[in-house]
Amino acid sequence: MIGRLFWGSLAVVLVGGTACSGKYDGASYAVADEPRLDTFDVVVKNLDYSCGNLACHGAAGRNLLLYGVEGRRLAPTDVACGRSTTPDEILADYRSVVGLEPEIMSEVVASGGKDPERLTLIRKMNGTESHKGGTVFAIGSNGDLCVRGWLTGSDDPSACNNAFNPGDPFVACP
Amino acid sequence: MRLQLIAAVVVGAAIVASAARALADDSATNAPDAPASRPKTVAPIVAKASLDTTAYTDSDHVSVVTPVVSAEVGDREGAWKVHGQYLVDVISAASVDIVSTASQRWHEVRQAGTLGAGYKPKDFGADVSAAISREPDYGSVAGGGNLIWDFDEKNVIALLGYSYDHDTIGRTGTPFSVYSHALAVHTLAGGITLTLNRAAVLALVSDVIIESGDQSKPYRYIPMFSADVAPTIAKGASISVVNAERLPDRPLENLPDSRDRYSLTARFGYRFAHGTLRADERLYTDTWRLHATTTELRYYANLSRRLMVWPLVRVHAQNGVYFWSRAYVSSFGNGSFELPEYRTGDRELGPLYSITGGLGGSFGIGPSSDPSLLSIRAQADYIGTEFLDDLYVKSRGSVLGTLGLDGVFQ
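Chains as they are written, first to last, in numbering that gives the first Met the number 0: chain B, 0 to 173; chain V, 0 to 409.
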């Protein structure tokens with residue numbers, strides 16, 4: 000009995016061990032509840048302005064990678080501080096922000112923006128979680144309200160439009 | 000996680016270790032220059048203590064230094080004992096996984112302690128242990144126990160063990176109250192040791208480990224590629240290639256919330272005139288469809304009453320988990336954003352094989368009546384690992400060295 004168990008297990012290991020995977024063999028996850036793309040352009044302006052320079056989230060290896068006028072450009076012909084952030088860059092940034100924690104993002108949006116602190120994006124920008132860039136948008140600031148409002152599906156862009164801080168040390172472009 | 004592995008290994012290895020120790024001890028006392036008779040001193044209490052320092056370094060720029068202090072007090076007949084251990088891991092890492100996310104080398108300190116006690120007055124006994132481990136982004140508390148039966152004048156020893164481990168996984172610099180997730184681990188181990196004849200012992204141990212909770216690494220984000228680019232990402236693709244070809248989305252690692260793991264270990268020991276051969280085979284499988292085999296051979300050679308050396312060789316091979324991929328694919332457009340449900344960058348979950356060669360030794364510096372009362376122990380292993388389907392690296396070389404001092408006081 001023990002011998003059969005041993006040799007049977009060995010066969011499973013040898014057969015399984017030679018089956019070297021290379022292609023994903025799992026299921027796909029479709030983000031069920033995405034935040035609004037049509038209002039993201041005013042949100043990403045703030046993110047790009049305060050987070051997107053080349054030393055921060057414009058750096059190539061960043062998990063949250065941002066494209067835009069303040070730093071990394073999508074088109075090789077564009078340069079930092081050149082023309083405004085393009086529609087393709089807004090799409091790329093949307094994909095980067097939503098794709099960071101897609102499952103949690105979907106849950107937050109599905110709940111109407113409730114408890115957005117579930118997202119690392121919110122905790123880091125609020126400074127409630129360790130963040131090399133420190134607190135970018137303090138809780139209750141216009142920048143904070145801008146991002147949280149976007150997650151609720153709000154149409155009101157006033158917080159986003161008033162979020163710019165000319166003295167922001169992270170801003171690259173004059 | 001580390002603690003849970005330690006707990007599992009301790010539970011599973013207890014029975015095989017006792018058998019191997021019996022063989023090794025027997026072998027030592029049968030060494031050709033062993034004294035004709037040992038002193039007949041009877042001490043009711045025996046204390047053992049050891050100091051170890053283990054150092055690890057690898058070609059991926061990770062280094063760990065671990066000082067360990069251990070102590071055990073028990074009676075001479077082994078009817079009872081209490082033991083404890085404390086260790087500190089000092090870790091410094093600038094691995095390719097860290098550098099690839101534009102992060103700097105990091106340093107971390109982990110502290111861990113265990114306490115245990117055992118009681119086995121006759122043929123039946125039990126032991127219990129508890130462990131705690133703490134580091135800035137990981138906390139672990141574990142407890143467990145074993146039941147041990149001796150049958151047929153100790154020619155058959157059976158063991159049944161259980162342990163529970165609760166881990167809290169967080170991020171450095173962030174309180175667990177702000178961000179953390181939990182992992183619970185139940186380990187059930189059963190085993191039997193058979194004394195086949197005066198020279199041979201066979202032990203079989205089976206472990207069942209039930210894990211539930213989110214064990215995804217909070218720092219590990221997985222690069223995504225488009226369907227047409229993914230096949231062009233070569234094994235060992237460099238950081239610059241990955242960064243140039245990746246898509247903007249780089250989601251957090253996501254692992255299934257449950258994992259059932261099964262292993263069967265067979266250990267055979269055979270005593271020769273001047274040493275003991277130990278052969279181990281461990282077969283492993285789990286519900287993530289990772290299958291592995293680990294084979295180890297080591298020989299304890301008694302070169303003199305004071306000197307024992309043990310060369311070893313170990314071969315390990317495994318496939319990857321079912322959701323393993325070198326280059327994951329995501330898609331975005333037409334109102335749909337799709338990613339792989341499960342994704343990981345943990346190389347230990349990918350297909351690999353490793354070969355270990357090592358040499359250990361202990362030198363008794365105790366009194367001539369029993370040199371083993373105080374001994375110096377050293378071990379050095381080289382581990383070569385080939386990663387068969389990974390980003391950034393194709394292989395890793397690592398060196399693990401231990402220097403220890405063991406003392407017996409009675």
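No lab work stands behind these hints, which were simulated from the structure alone. In this text, all values refer to a predicted model and were calculated from it rather than measured experimentally. A few of these clues could be false.
Unchecked claim - Which chain B residues face chain V? A few, computed with CB under 10 Å, are given here:
hint: 1; residue: G60
hint: 2; residue: Y66
hint: 3; residue: L99
hint: 4; residue: E100
hint: 5; residue: S129
From the three backbone atoms N, C-alpha and C, an ideal C-beta is built for every residue, glycine too.
| query | Which of the listed hints are broken here? | reply | none
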